Amino acid sequence: MAKLTEIGWEEFEALSPEAKRPYLENPDGGGLPYHTLFAQQFDRAALERLCALANRIRFINKSKEGALYLKNVLAHKRAMLYFSQPSSRTFLSHLAACQILGITTGSVRDAATSSEFKGESHEDSIRTFSSYFDMIIMRSPERGLAEKMAWELSNSERPIPILNAGSGKDQHPTQALLDIYTLVRSFENKGGIDGRTVTFCGDLMRGRTVRSLSHLLTNFRDVRQIFVAPPELQVPADVVMALAKKGVSFEVMDSLKEATKVSDAVYMTRIQDEWDQAKGESAKIDTSHFKFGAEELALLRPDAIIMHPLPRRDEIATCCDHDPRAMYWRQMRNGMWIRAALIAATFGFERTIMECGY
Amino acid sequence: MAKLTEIGWEEFEALSPEAKRPYLENPDGGGLPYHTLFAQQFDRAALERLCALANRIRFINKSKEGALYLKNVLAHKRAMLYFSQPSSRTFLSHLAACQILGITTGSVRDAATSSEFKGESHEDSIRTFSSYFDMIIMRSPERGLAEKMAWELSNSERPIPILNAGSGKDQHPTQALLDIYTLVRSFENKGGIDGRTVTFCGDLMRGRTVRSLSHLLTNFRDVRQIFVAPPELQVPADVVMALAKKGVSFEVMDSLKEATKVSDAVYMTRIQDEWDQAKGESAKIDTSHFKFGAEELALLRPDAIIMHPLPRRDEIATCCDHDPRAMYWRQMRNGMWIRAALIAATFGFERTIMECGY
Amino acid sequence: MAKLTEIGWEEFEALSPEAKRPYLENPDGGGLPYHTLFAQQFDRAALERLCALANRIRFINKSKEGALYLKNVLAHKRAMLYFSQPSSRTFLSHLAACQILGITTGSVRDAATSSEFKGESHEDSIRTFSSYFDMIIMRSPERGLAEKMAWELSNSERPIPILNAGSGKDQHPTQALLDIYTLVRSFENKGGIDGRTVTFCGDLMRGRTVRSLSHLLTNFRDVRQIFVAPPELQVPADVVMALAKKGVSFEVMDSLKEATKVSDAVYMTRIQDEWDQAKGESAKIDTSHFKFGAEELALLRPDAIIMHPLPRRDEIATCCDHDPRAMYWRQMRNGMWIRAALIAATFGFERTIMECGY
Numbered sequence: 000m001a002k003l004t005e006i007g008w009e010e011f012e013a014l015s016p017e018a019k020r021p022y023l024e025n026p027d028g029g030g031l032p033y034h035t036l037f038a039q040q041f042d043r044a045a046l047e048r049l050c051a052l053a054n055r056i057r058f059i060n061k062s063k064e065g066a067l068y069l070k071n072v073l074a075h076k077r078a079m080l081y082f083s084q085p086s087s088r089t090f091l092s093h094l095a096a097c098q099i100l101g102i103t104t105g106s107v108r109d110a111a112t113s114s115e116f117k118g119e120s121h122e123d124s125i126r127t128f129s130s131y132f133d134m135i136i137m138r139s140p141e142r143g144l145a146e147k148m149a150w151e152l153s154n155s156e157r158p159i160p161i162l163n164a165g166s167g168k169d170q171h172p173t174q175a176l177l178d179i180y181t182l183v184r185s186f187e188n189k190g191g192i193d194g195r196t197v198t199f200c201g202d203l204m205r206g207r208t209v210r211s212l213s214h215l216l217t218n219f220r221d222v223r224q225i226f227v228a229p230p231e232l233q234v235p236a237d238v239v240m241a242l243a244k245k246g247v248s249f250e251v252m253d254s255l256k257e258a259t260k261v262s263d264a265v266y267m268t269r270i271q272d273e274w275d276q277a278k279g280e281s282a283k284i285d286t287s288h289f290k291f292g293a294e295e296l297a298l299l300r301p302d303a304i305i306m307h308p309l310p311r312r313d314e315i316a317t318c319c320d321h322d323p324r325a326m327y328w329r330q331m332r333n334g335m336w337i338r339a340a341l342i343a344a345t346f347g348f349e350r351t352i353m354e355c356g357y
Numbered sequence: 000m001a002k003l004t005e006i007g008w009e010e011f012e013a014l015s016p017e018a019k020r021p022y023l024e025n026p027d028g029g030g031l032p033y034h035t036l037f038a039q040q041f042d043r044a045a046l047e048r049l050c051a052l053a054n055r056i057r058f059i060n061k062s063k064e065g066a067l068y069l070k071n072v073l074a075h076k077r078a079m080l081y082f083s084q085p086s087s088r089t090f091l092s093h094l095a096a097c098q099i100l101g102i103t104t105g106s107v108r109d110a111a112t113s114s115e116f117k118g119e120s121h122e123d124s125i126r127t128f129s130s131y132f133d134m135i136i137m138r139s140p141e142r143g144l145a146e147k148m149a150w151e152l153s154n155s156e157r158p159i160p161i162l163n164a165g166s167g168k169d170q171h172p173t174q175a176l177l178d179i180y181t182l183v184r185s186f187e188n189k190g191g192i193d194g195r196t197v198t199f200c201g202d203l204m205r206g207r208t209v210r211s212l213s214h215l216l217t218n219f220r221d222v223r224q225i226f227v228a229p230p231e232l233q234v235p236a237d238v239v240m241a242l243a244k245k246g247v248s249f250e251v252m253d254s255l256k257e258a259t260k261v262s263d264a265v266y267m268t269r270i271q272d273e274w275d276q277a278k279g280e281s282a283k284i285d286t287s288h289f290k291f292g293a294e295e296l297a298l299l300r301p302d303a304i305i306m307h308p309l310p311r312r313d314e315i316a317t318c319c320d321h322d323p324r325a326m327y328w329r330q331m332r333n334g335m336w337i338r339a340a341l342i343a344a345t346f347g348f349e350r351t352i353m354e355c356g357y
Numbered sequence: 000m001a002k003l004t005e006i007g008w009e010e011f012e013a014l015s016p017e018a019k020r021p022y023l024e025n026p027d028g029g030g031l032p033y034h035t036l037f038a039q040q041f042d043r044a045a046l047e048r049l050c051a052l053a054n055r056i057r058f059i060n061k062s063k064e065g066a067l068y069l070k071n072v073l074a075h076k077r078a079m080l081y082f083s084q085p086s087s088r089t090f091l092s093h094l095a096a097c098q099i100l101g102i103t104t105g106s107v108r109d110a111a112t113s114s115e116f117k118g119e120s121h122e123d124s125i126r127t128f129s130s131y132f133d134m135i136i137m138r139s140p141e142r143g144l145a146e147k148m149a150w151e152l153s154n155s156e157r158p159i160p161i162l163n164a165g166s167g168k169d170q171h172p173t174q175a176l177l178d179i180y181t182l183v184r185s186f187e188n189k190g191g192i193d194g195r196t197v198t199f200c201g202d203l204m205r206g207r208t209v210r211s212l213s214h215l216l217t218n219f220r221d222v223r224q225i226f227v228a229p230p231e232l233q234v235p236a237d238v239v240m241a242l243a244k245k246g247v248s249f250e251v252m253d254s255l256k257e258a259t260k261v262s263d264a265v266y267m268t269r270i271q272d273e274w275d276q277a278k279g280e281s282a283k284i285d286t287s288h289f290k291f292g293a294e295e296l297a298l299l300r301p302d303a304i305i306m307h308p309l310p311r312r313d314e315i316a317t318c319c320d321h322d323p324r325a326m327y328w329r330q331m332r333n334g335m336w337i338r339a340a341l342i343a344a345t346f347g348f349e350r351t352i353m354e355c356g357y
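Chains as they are written, first to last, in numbering that gives the first Met the number 0: chain A, 0 to 357; chain B, 0 to 357; chain C, 0 to 357.
The reader is advised that the hints may include incorrect statements.
No copy labels: a pair is met if it fits in one copy or bridges any two.
Taking lysine-lysine pairs in the DSS-like style, the calculated list, with each CA pair at most 27 Å apart, reads [what the hints assert, rightly or not]:
1) K61 with K290
2) K70 with K283
3) K290 with K244
4) K168 with K283
5) K61 with K2
6) K2 with K63
The hints are simulated quantities; they were obtained by calculation from the structure and are not laboratory data. Quick caveat: nothing in here was measured; it's all calculated off a predicted structure.
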């Protein structure tokens, strides 16, 4: 197994995501991650094992006895949630995942408190957290920071795992995991993800969830991807190139209605105007045709599902909320389960939970 | 039993508090609340059961074994404390109540973090919390929001209870519960609340605690209410009318000293100048005769008590603090016990705790 | 035993630290503190017992079984972390210490939330916390506040212990404890602290850690203290006088290199420019000769150690970080263990833990 202690930072940083992967694996040899940094770490086998573990945890948690069993699994561990870029949704979901497994937590989540650490280097701050906790779950606006910290910690006297809960614009691996888990659950007794058609709609240029999920779907067979967006916000060339390279079938379409008719899953996204370079840039774009409402719902196949990473604005009309195919609420809750699975696996407890008597 | 799933929001909203009550009851049929929204939900039987449960929890918690037993009762549950209007006192009290029962918690309590949710509708935010937690304890400046959320959640695929920890100017039901619990405890072996005289003094116009407690006291027999306040801050007409309608005896008085002489409980309140419509409005009012000091203490009956919802400014002189009749510190701690009782009852654990071996 | 209930506040406040000590002891008679307010409370016997307890906790915590045992020791207690002066490092360390022992916690740690309490007196705020919690861990910019609060609480109907996590410029007793614990651990099998030479370098005038540690070292035999600093930031006269009075050997030196050669421990500190009286005052001081780098490392004895209370700026070059003599990371983690020991002792669980079967 490749070890982060046997490679310098610059050398490691220069590797491709695929080449980095073995360095991030759990030393227990099971093939699941120790540090979770980017979506490309997960192959189909890892995804399926995590989804199975998430299912198991969800099932065990239904009874009080099961819930109390789970709360004991990692009751000897403590995790630090270091959110220098606030995000209550992602924060609460990771917190809940920790709580399910009995992990106690500390947190830094507002700018005022975290500004304290500005006087010192990131490396020193992270080593502070590693002094008191057994895992760091971090979200940062700084691209690549989680990766650097993982390398630093693995090369310290107190190596502990890093879980990237979003770094910069590029990576948010647990969001991709929960999207996959939602698809896996939705098609569980219906033949699985292979051969499905997934439509992405909205701001495909700037949404990192689209990028990650699009990549993870290439782990499955014959999944067709459709991209529906205003021309200014269409899927970036590198995503399309990556699909083309792998021989994955994809299509760029103008009409959400047409795409809906042929889709097994419609993945709606919000216009991410917080990344606008000129003020009001997004407001000038006509996005009116990229919203899912009653008409689209009428065209949606009976078995198909609607997804959204949330929060939403008006991309999905509230009249869809109670339709059984509206999967976005459950998708959110799936995030809690898959994160609990990931954390349990990180600490080497996959088998313990899979084989327990509950 | 009436069900929130069988009534539309507009229709429900238009009902009187009394008519709303059955919709909020615990489906276990025991008559205690599932959603706790307003003080009018509690009749005498419910109040007495909650006080008995609070007494029981308080007693069990005295020994380490008992405390550990309680920490197991709801160890499989997680609660969200969503305080978009900060209030550390109420926050900490609910937190402590959860901790006593073993509930793990997540929280949003500062404006900076909660502003994140501004982009989305309240409904979506609350559904986010309901994805990760088993109960929402919420405080909001927005009148009626807790009620709307309770209806929404009961009509979602993941119904969970709402506990209103203060909404707008009007409702703060658990404050009223702790006031009643304090009176119940204080007169426990002295014949109870029936037939007592309770004086309210201070800003009776804008204090929601006065409004709620005044109402709850009508559940008891022959309780006489006295209102002492500057003319500008006297008790509002609707409160007085409600008492008159129920044939409850009340009196408006000018002199705190005279009222003190005849009272079993003197309930002091702070001038709530944060609600001033013109700046400095309250400062112009002569409040000097509406403060409890050494002279009033000398007039207070030996068995009577002094209450205050806290925080105080100078409404009660600190020279009263160590008098055994100063009940305001214990009143605060009572808030923790009665909230623990309410939460345990909400999850259907009243009987379990009442009948346990501790 | 002296009791805080038997002495007035003014009388108590006027006592010397030594005379105050007996008033702060644990009523169990064991000689360890109930209220922890200042470093002078700890004599050699108390220091050695706390270090032994910290060692024990650290050892027990290594196995999952041990960790779960510890999490049960104080699972019936709840602590309030009241940080009106934010400090995430100290906060997280105390939090972790509580979590190790199973204590559940509540916190106020940001200015926005704590500002709420500004309307009321400190006494009322602290009594609020004492209503809901079993211990208050507090940090405040206000000199002497922790002491006042300890007196107030001990004279209330609900006395609970205060742990001072830093008050004003003067006292930060648990930092001094962790420094001593680090020295104890480092020289554990090498003859202990007696007879060692400790060099303090940097801003010795304004660093309260220097003041406290210098004092605590006088509990040991023949410890020589060396002070290396720019003339403007040299150790204050009162510290030097106190040493002289006790007949403790000390030296003021100009050269960190010379001091390093003869030291068993080099304690580096940051320039505390946040206390500058004129803006940029510190920036005018030539501090270039008071930094520990590669050259100093080369001169450091093989058995000697480098310490730093952290956060650091550039007082220690990062090239020292992986040297086995760089003790500052472990020093930070030691803070967690010694605080856990202190808290366990405060609640009277020293013997339970020392004698448990793990």
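Going down the list of hints, with the structure as the test:
no. : hint           : in the structure
1   : K61 with K290  : neither (36 Å within a copy, 54 Å between copies)
2   : K70 with K283  : neither (50 Å within a copy, 55 Å between copies)
3   : K290 with K244 : neither (30 Å within a copy, 54 Å between copies)
4   : K168 with K283 : within (22 Å within a copy, 41 Å between copies)
5   : K61 with K2    : between (39 Å within a copy, 24 Å between copies)
6   : K2 with K63    : between (40 Å within a copy, 26 Å between copies)
In this structure, the hints that do not hold are numbers 1, 2 and 3, in rising order.
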